[in-house]
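Novice: Residue-level listing of the chains:
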Amino acid sequence: MSWRSLAARLRRSGVLGINERNAAYTLVHNRRDRYPFVDDKALTKQLALQAGVAVPELYGVIEIQQQVRSLPQLLRRHWDFVVKPARGSQGDGIIVVTGRSRNLYRTADGGFLSDEEMCFHVSNILSGIYSLGGQSDKVLIEYRVNFDPVFEPITHRGVPDIRIIVFLGVPVMAMVRLPTRLSGGKANLHQGAIGAGVDMSTGTTLSAVWRNEIVAEHPDTGNPVSGLRIPSWRALLAIAARSYELTGLGYQGIDIVLDRDRGPLILELNARPGLAIQIANRTGLRNRLDMAERARPALKTVEDRVAFALESFGAGA
Amino acid sequence: MKRAHLFTLTATLASLALSFTIYKVIVLGFPLAPQERTDIWRVEVQVSFEAVGGPVKAILYLPHSTGGLTIVDQSFVSPGYGITTEARPGSGIRAVYAIREARGHQALYYRAVIQRERRSDERSRDPRPPLEPPDYQGAERAAASAIVEAAIRHSSDPHTLAAYIVKRLKDARPGEEAHLLLGRQPSNARLVSVAVGLLHFAGVPARIVNGLALAPERRDARFVRWIEYYEDGRWKALPTVEPATADALLLPWWRGSEPLVEASGVENLRHVVSTSRSYELATRTALNQRRDLERRLVEFSLFGLPLQAQALFRTLLVIPLGILLLVVLRNVVGVKTFGTFMPVLIALAFRQTGLLWGCLFFVLVVAGGLAVRFYLEHLKLLLVPRLAAVVIVVILILAVLSVLSHRLGFERGLSVGLFPIVILTMTIERMTVVWEERGAAEALQQALGSIGVGVLCYLVMNLHAVEHLFFVFPELLLVVLALTLLLGRYTGYRLTELRRFRVLAR
Chain A
411 MSWRSLAARL
421 RRSGVLGINE
431 RNAAYTLVHN
441 RRDRYPFVDD
451 KALTKQLALQ
461 AGVAVPELYG
471 VIEIQQQVRS
481 LPQLLRRHWD
491 FVVKPARGSQ
501 GDGIIVVTGR
511 SRNLYRTADG
521 GFLSDEEMCF
531 HVSNILSGIY
541 SLGGQSDKVL
551 IEYRVNFDPV
561 FEPITHRGVP
571 DIRIIVFLGV
581 PVMAMVRLPT
591 RLSGGKANLH
601 QGAIGAGVDM
611 STGTTLSAVW
621 RNEIVAEHPD
631 TGNPVSGLRI
641 PSWRALLAIA
651 ARSYELTGLG
661 YQGIDIVLDR
671 DRGPLILELN
681 ARPGLAIQIA
691 NRTGLRNRLD
701 MAERARPALK
711 TVEDRVAFAL
721 ESFGAGA
Chain B
146 MKRAHLFTLT
156 ATLASLALSF
166 TIYKVIVLGF
176 PLAPQERTDI
186 WRVEVQVSFE
196 AVGGPVKAIL
206 YLPHSTGGLT
216 IVDQSFVSPG
226 YGITTEARPG
236 SGIRAVYAIR
246 EARGHQALYY
256 RAVIQRERRS
266 DERSRDPRPP
276 LEPPDYQGAE
286 RAAASAIVEA
296 AIRHSSDPHT
306 LAAYIVKRLK
316 DARPGEEAHL
326 LLGRQPSNAR
336 LVSVAVGLLH
346 FAGVPARIVN
356 GLALAPERRD
366 ARFVRWIEYY
376 EDGRWKALPT
386 VEPATADALL
396 LPWWRGSEPL
406 VEASGVENLR
416 HVVSTSRSYE
426 LATRTALNQR
436 RDLERRLVEF
446 SLFGLPLQAQ
456 ALFRTLLVIP
466 LGILLLVVLR
476 NVVGVKTFGT
486 FMPVLIALAF
496 RQTGLLWGCL
506 FFVLVVAGGL
516 AVRFYLEHLK
526 LLLVPRLAAV
536 VIVVILILAV
546 LSVLSHRLGF
556 ERGLSVGLFP
566 IVILTMTIER
576 MTVVWEERGA
586 AEALQQALGS
596 IGVGVLCYLV
606 MNLHAVEHLF
616 FVFPELLLVV
626 LALTLLLGRY
636 TGYRLTELRR
646 FRVLAR
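Same order as they appear, the protein sequences are chains A and B. Positions 411 to 727 (this note's numbering) are the ones given, in order, by the first sequence. Positions 146 to 651 (this note's numbering) are the ones given, in order, by the second sequence.
You may find that some hints are simply not true.
Derived contacts from chain A toward chain B, CB cut-off under 7 Å, selection only [as the list claims (entries may be wrong)]: (1) Ser423; (2) Val425; (3) Gly427; (4) Glu430; (5) Ala433; (6) Tyr435; (7) Asp502; (8) Met528; (9) Ser533.
So these bits of chain A aren't anywhere near chain B, every CB distance computed over 12 Å [stated by the list, open to error]: (10) Asn429; (11) Asn432; (12) Gly498; (13) Arg512; (14) Leu514; (15) Lys548; (16) Leu592; (17) Asn633; (18) Ala686; (19) Glu721.
Pairs of lysine to any residue, SDA-like flavour, derived with a Cα cap of 25 Å [claimed, not checked]: (20) A:Lys548 <-> B:Val369; (21) B:Lys525 <-> A:Glu703; (22) B:Lys525 <-> A:Leu484; (23) B:Lys147 <-> A:Glu703; (24) B:Lys312 <-> B:Ser301; (25) B:Lys381 <-> B:Pro404; (26) B:Lys481 <-> A:Arg487; (27) B:Lys481 <-> A:Gln476; (28) A:Lys548 <-> B:His523; (29) B:Lys481 <-> A:Leu592; (30) B:Lys481 <-> B:Ala650; (31) B:Lys481 <-> A:Gly538; (32) B:Lys525 <-> A:Ala433; (33) B:Lys147 <-> A:Arg486; (34) B:Lys381 <-> B:Leu501; (35) B:Lys315 <-> B:Val369; (36) B:Lys481 <-> A:Ser524; (37) B:Lys202 <-> B:Leu214; (38) B:Lys525 <-> A:Leu523; (39) B:Lys481 <-> A:Gly602; (40) B:Lys481 <-> A:Met701.
The hints are simulated quantities; they were obtained by calculation from the structure and are not laboratory data. All residues carry an ideal CB built from backbone N, CA and C; glycine is no exception.
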């Protein structure tokens, strides 16, 4: 198959490329001055709390090197927690601590860290090695999500989350991101996690993508990834739709986790969400984005937008 | 709306640049291809002496643009010395090097870049100089009269007169009048001064000229003397010795019989003159424009800059093309690289080192840097000191590689100093982060992408034709700018995305 015809066929399928995403969506619909709300996760958290949306509880923030010395005391109060850079991208620099073993921290990918190593990691984050453009950063220490057992059969360690693309307040596409042994317990596709497409009308998982390939089973557990029903799907879509009013970004990705005890929590928002979600859903984004843009003026409330998503973007549609 | 705006802008830019280029090619005659070459001569005078302590003053004659040769550029290297130039009517221009206190061995340098004038200046006329016939007495006067009378009889104009006198002096046999005037051991210098005296005696103004024969190239060139006589308002040269080669160019330096260098407060005064030849684009044919407006245009182009600055711009002007290629490779092909413009900087470094050595050095430096960076990981250093440590190690690796390659006889290695060290360090740091977060495969893939793009940029930027085109027609950068702007609105798929999304093709 020649490249030209391949490109033509992708275009017919409405597959969105990165250039088009940037030129026609993020550059047009995302105002520059709104970026800090999503680039800085500490700010996102504040914003979400003000709007009454649940987020993982913040245990502490480390902002300067001086504070690193008091880190072990801060961590002592919590059995498990997550350490993440406030401005990190694509999940880089996140450490999930699931417990202790003597005086070592046990991490989600099965490793162990000493106090010293943890402090070094935190001061690295502060110097900005994980942040966009290398600017200095903050470290968030927050509640580790105990994920809803619904995803237990298709998760290898770590926390699966649900990524929903929201365009002008309309949820258009979703996927469940499932950590694998390869991703080290992280839910980022870049790092080797699986992305399973979701039927927008029912919240049931479809086929999955792993490293740009379509897979039917979880590579570590061997269980089929499709056919799983995400609980309280409508509520999740409502949270996603409301995120538009939260940040003012026209085109964004929202990452939600389902906590066993606390229900859906917003993990983070993304102003430049990745495009692999199209492979997970075996559908291009373009058609749905066009539909949402056309219908948007008639959709007055959050409920309208959720209803529109439920009826328009089903797997059959 | 935005699209129309963009297209209008890019079309305007491109058509402006292209029409100016076409004007320069057709009307001004700038060459599109770099094939034509012309001679450029470099002359260096080294004056050395022992200063005895106390003030030192050295006076050196300088060449100046005359006749068919132009001084394009000149420079003085003389640590600590103050330099002034003074014109000496009738002799030439002198540079005066002065210092209040100097002791021990001193060396002063003067360098000039000389080029053959394409268009000789027909309009200017020199004022008629006064005649200063030598005061011949007795037998000398009789001999001079005899030669001059014969010369006037056997000639029709100042040129044939001067030629006859020189021939008589050259062919002088003992007992003849000419021999009496020349003295016992006639040197060329003596011959020239006698001939100048005789010309004045015959009523033709003439003078002694000291100068250099530019060909062949010499490490230790000698000054020669010849005659200039005045005819029809102009000075004309008459060599008295046969030039060594047929195409030898004579560069007049100063007039009169004074020495080239004079100095006070010194011992052991010596000077060495060397000449060398290099090639330049024949673009200068186009630079000698007759009409005023066109000359102004040329003066305000890059050719108006000193040679060194021109060399800098030769490199600078090809960078945008490399960047355009980088934009295409990143946004249309979808190659992943470390750092946005790092590959272009790598390509620039390759221009100094050559491709093979450049790649080898790049790989060795990055591999060495990575090894050190992974080792430093154990020491748990803070970011900035760690980066600083890697910079130092990178410089050390470069030094070691240079020494090794020099020992092995590869001179190319010596130019690795131009590698963008800080950029390399940031690359190493980014690479370790990617290595740890995404695995070695991804890191190596991006490193390979970077070096591949660098090599491609180098291949394009190093084309002689490209360098020539952008230097002679810098307005073509507007075309590059227009293309870059257009690429800024390219919303098609990247080639790598076709592969990535191929399962979605229906």
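Novice: Now look at each hint and say whether the structure bears it out.
Specialist: These are the hints, each one checked on the structure:
Because the beta carbon of A:Ser423 sits about 5 Å from the nearest beta carbon in chain B, less than 7 Å, this interface hint is met. The criterion of a C-beta within 7 Å of any C-beta in chain B is met by A:Val425, whose closest approach is roughly 5 Å, and the hint holds. A least Cβ separation of about 4 Å between A:Gly427 and chain B falls short of the 7 Å threshold, and the interface hint therefore holds. With its C-beta approaching chain B no nearer than about 4 Å, A:Glu430 sits inside the 7 Å limit, and its interface hint holds.
Satisfaction of the interface hint for A:Ala433 is found here, the shortest Cβ-Cβ separation to chain B being roughly 5 Å, below the 7 Å cut-off. Below 7 Å, beta-carbon pairs count as interface contacts, and A:Tyr435 has none with chain B, the closest being about 10 Å; its hint is therefore violated. With a cut of 7 Å, the hint placing A:Asp502 at the interface with chain B holds, because the nearest CB-to-CB distance is about 5 Å. Against a cut-off of 7 Å between C-beta atoms, the interface hint on A:Met528 is violated, since the closest Cβ of chain B lies about 11 Å away.
Among the interface hints, the one on A:Ser533 holds; its C-beta lies about 6 Å from the nearest C-beta in chain B, closer than the 7 Å criterion. With a cut of 12 Å on Cβ distances, A:Asn429 falls inside the contact zone with chain B, its closest approach being about 5 Å. In this structure A:Asn432 is not separated from chain B by more than 12 Å, as the shortest Cβ-Cβ distance comes to only about 8 Å. Non-interface call for A:Gly498 relative to chain B: violated, since the shortest CB-CB distance, roughly 10 Å, does not exceed 12 Å.
For A:Arg512, the non-interface assignment is confirmed: its Cβ lies about 21 Å from the closest Cβ of chain B, beyond the 12 Å cut-off. A cut-off of 12 Å between C-beta atoms confirms that A:Leu514 is not in contact with chain B; the least separation is 16 Å. In this structure A:Lys548 is separated from chain B by more than 12 Å, as the shortest Cβ-Cβ distance comes to about 15 Å. Remark: the non-interface label on A:Leu592 conflicts with the geometry, its nearest Cβ contact in chain B lying 9 Å away (cut-off 12 Å).
Remark: the non-interface label on A:Asn633 is consistent with the geometry, its nearest Cβ contact in chain B lying 22 Å away (cut-off 12 Å). Not every C-beta of chain B lies more than 12 Å from that of A:Ala686, the closest at about 8 Å, which undercuts listing it as non-interface. A cut-off of 12 Å between C-beta atoms confirms that A:Glu721 is not in contact with chain B; the least separation is 24 Å. Between A:Lys548 and B:Val369 the CA atoms are separated by roughly 78 Å; this puts the pair beyond 25 Å, and the hint is violated.
For the given pair, B:Lys525 sits about 51 Å from A:Glu703 by alpha-carbon distance, which is inconsistent with the 25 Å threshold. Straight-line distance between C-alpha atoms of B:Lys525 and A:Leu484 comes to about 21 Å, which keeps the hinted pair within the 25 Å bound. Pair hint B:Lys147 plus A:Glu703 holds up; C-alpha atoms about 20 Å apart against a cutoff of 25 Å. For the given pair, B:Lys312 sits about 16 Å from B:Ser301 by alpha-carbon distance, which is consistent with the 25 Å threshold.
Our distance criterion of 25 Å between C-alpha atoms is met by B:Lys381 and B:Pro404, whose separation comes to about 22 Å. In summary, the hint linking B:Lys481 to A:Arg487 is not supported, as the alpha carbons are separated by about 43 Å, beyond the 25 Å threshold. For the proposed pair B:Lys481 and A:Gln476, the alpha carbon gap of about 37 Å is over 25 Å, so the pair is violated. For the proposed pair A:Lys548 and B:His523, the alpha carbon gap of about 23 Å is at most 25 Å, so the pair holds.
With a C-alpha separation of about 22 Å, the suggested pairing of B:Lys481 with A:Leu592 holds against the 25 Å cut-off. A distance of roughly 23 Å separates the Cα atoms of B:Lys481 and B:Ala650; the hinted pair therefore holds under the 25 Å criterion. With a C-alpha separation of about 22 Å, the suggested pairing of B:Lys481 with A:Gly538 holds against the 25 Å cut-off. As the CA atoms of B:Lys525 and A:Ala433 are separated by approximately 41 Å, the hinted pair breaks the 25 Å bound.
Only pairs whose Cα atoms come within 25 Å are accepted, and B:Lys147 paired with A:Arg486 is rejected, the gap being roughly 57 Å. In summary, the hint linking B:Lys381 to B:Leu501 is not supported, as the alpha carbons are separated by about 54 Å, beyond the 25 Å threshold. With a C-alpha separation of about 16 Å, the suggested pair B:Lys315 and B:Val369 falls inside the 25 Å cut-off, and the hint holds. For the hint linking B:Lys481 to A:Ser524, the alpha-carbon distance of about 35 Å lies beyond 25 Å, and the restraint is violated.
For a cut-off of 25 Å, the pair hint linking B:Lys202 to B:Leu214 is broken: about 29 Å separates their Cα positions. Between B:Lys525 and A:Leu523, the direct Cα distance comes to roughly 13 Å. Compliance with the 25 Å bound is thereby established for this hinted pair. Proposed proximity of B:Lys481 and A:Gly602 is supported: the alpha carbons are some 18 Å apart, at most 25 Å. Of the pairs offered as hints, the one joining B:Lys481 and A:Met701 is violated, with about 33 Å between alpha carbons and a cut-off of 25 Å exceeded.
The structure does not agree with the numbered hints 6, 8, 10, 11, 12, 16, 18, 20, 21, 26, 27, 32, 33, 34, 36, 37, 40 stated previously, though it agrees with the rest.
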